[in-house]
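Engineer: Next come the chains, spelled out residue by residue.
2 protein chains.
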Amino acid sequence: MSAPEVVREIELLRERLGSVRNRQQSIALVPTMGALHAGHAELLRIAREHADVVVASIFVNPLQFDRKEDLDAYPRTLDEDLRVCAANGVDLVFAPTASEFYPSEPLTFVESPVLSRNLCGAFRPGHFRGMATVVLKLFNVVQPHVACFGEKDAQQLAIIRRMVTDFNLAIRIVPVATVREADGLALSSRNKHLSAEERAVAPVLARVLADAHARIAAGETDCAAVRAGATELLQAEESVRVEYFEIVDPDRLTPLEQVTGAALIAGAIWLRRTRLIDNLFWPGTG
Amino acid sequence: MSAPEVVREIELLRERLGSVRNRQQSIALVPTMGALHAGHAELLRIAREHADVVVASIFVNPLQFDRKEDLDAYPRTLDEDLRVCAANGVDLVFAPTASEFYPSEPLTFVESPVLSRNLCGAFRPGHFRGMATVVLKLFNVVQPHVACFGEKDAQQLAIIRRMVTDFNLAIRIVPVATVREADGLALSSRNKHLSAEERAVAPVLARVLADAHARIAAGETDCAAVRAGATELLQAEESVRVEYFEIVDPDRLTPLEQVTGAALIAGAIWLRRTRLIDNLFWPGTG
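Protein sequences, first through last, are from chains A and B.
42 is the number that my numbering gives to position 42 of the first sequence; each next residue is one higher, with no gaps.
In short: position in the second sequence from 1, add 1000, done, that's my numbering.
In short, the hints are calculated from the structure, not lab data.
Predicted model, so just to flag it, every value in this text is computed and none were measured.
Please note: incorrect hints may appear among the correct ones.
[Unchecked claim] Partial pick of chain A residues on the chain B-facing surface, computed with a CB cut under 10 angstroms:
#, residue
1, Glu105
2, Glu111
3, Leu138
4, Val141
5, Ile159
Ideal Cβ positions, reconstructed from N, Cα and C, are used throughout, including at glycine.
Using the sequences and the hints given, assemble the complete structure.
Structural biologist: Listed below in structure tokens is the structure:
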């Protein structure tokens, strides 16, 4: 466990990675916004299995925050993040400043109009445009052979996978299963914002998703029925505001009427000022 | 002058170019839609000066045609194109089929909302999205060190240059001066569609651009005055329909009120069913 090198300039990173490529070594990238937790550690661990050199990027991307309060409130914990990176075999941490990464006003964007229409995209205008654009920039700077993304952010994963196909990027995308607390709550940097009371309520989303999954496993194919049941269970919690609960095609993210094949069951709730998302794939990991 | 290899599959092209890179040779790309003329020959000649291996792509990209008639009418002349490539030192011609290049419905696009708003972009909805998306795909497949684009398509050139900056692509964009007929008409694949009478009228656009350029050189800074004069001269030709005549900032492509520094003078006209575009940079090549 040695400390990773922290690189802040794009040119220096290109130089370091040029040497890696000259040694015929493979590169894995784990893009993060910092505030690393055990979910990120799992991404780093899986990345380690897939390449000779692991690069973690830490960049709180202003382009993907639709609300400035959310950008400002986003936790920044670089020292602790570097410990997580060191403990999980990261070789290089790329942590550019905003002015290094956006030296001029960005005028070119990645758009996924179909895949951004539903789920979180319906509630976070511009978010996936900003996310996909920054990930493409990171891909172009790092030029990894492999990149790891969590299934927790299922819409992000679907958009990135399709971007790689549509743009002919020679990068293998490795999805990584969601890491959960003992009570089922999916790990998220936003969990830090929960009060003790909210934290006690938060696992309801995972429970309701598991219940929906179980109903489909038991033979229910009518999505409206599953959705209505789930929404009712969520609304039974007084402090929960449901943003969405959907059953969608896992590739196109369009709502399904009937479950006939693979499906993504996904929900988003608010607990006062904290937004939580979670999902499950049917029949299993996608 | 040996015949270039024609490659139709992406994987085979990657294999060929992998060997080139392993030999530490540099790669130049000239993206075309075929129907090659002396303007393309100039692009190929300049590309030859910048790299060890020259790749020309020939692909009539359905994504950038806003009107199906225009896509259907676009000239396809592969045998002649291969002769032009051979005569100009092209090593590899990449000519994929539409199903090879778009195996699934494209759901991810490059968008340049600011740079696509004016000039041709105002009249060809979706054109620059399709163009930038296909160029990014070509960049990702070929991974060239250098790519050559004609100044004739000034808006395209500005969008590609900005895409390279914004997306951190490690590609040098080389602009190539417009090639003209003796009477000033800018070479274009669309010139083939002109009747003899239309061909006689067509050089008016280049003449009017040169006149506007001369007025600015003589000290005129008021863009409205230059624009009004130019439009009047164009409209004096009975068979000409003016689509636009603009003086814009050469990087952002936004209309200027005064010429205080660099400017792009650009026009588009219709001669019956054929659309012609042309431009000049002020003070000189940009």
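Engineer: Given isoleucine 159 of chain A as an interface hint, is the shortest Cβ-Cβ distance to chain B below 10 angstroms?
Structural biologist: holds (8 angstroms)
Engineer: For the hint on valine 141 of chain A, does the least C-beta distance to chain B fall short of 10 angstroms?
Structural biologist: holds (5 angstroms)
Engineer: When the nearest CB of chain B is found for leucine 138 of chain A, is that gap smaller than 10 angstroms?
Structural biologist: At about 8 angstroms, which falls below the 10 angstroms cut-off, the nearest Cβ of chain B leaves the hint on leucine 138 of chain A intact, so it holds.
Engineer: Have a go at the glutamate 111 of chain A hint: is there a Cβ in chain B nearer than 10 angstroms to its own Cβ?
Structural biologist: It holds, given that the least Cβ distance between glutamate 111 of chain A and chain B is near 5 angstroms, below 10 angstroms.
Engineer: May I ask you to test the interface hint for glutamate 105 of chain A with respect to chain B, counting a Cβ-Cβ separation under 10 angstroms as satisfied?
Structural biologist: Cβ of glutamate 105 of chain A sits 9 angstroms from chain B, so the hint holds.
In the structure shown, no violation is registered for any of the earlier numbered hints.
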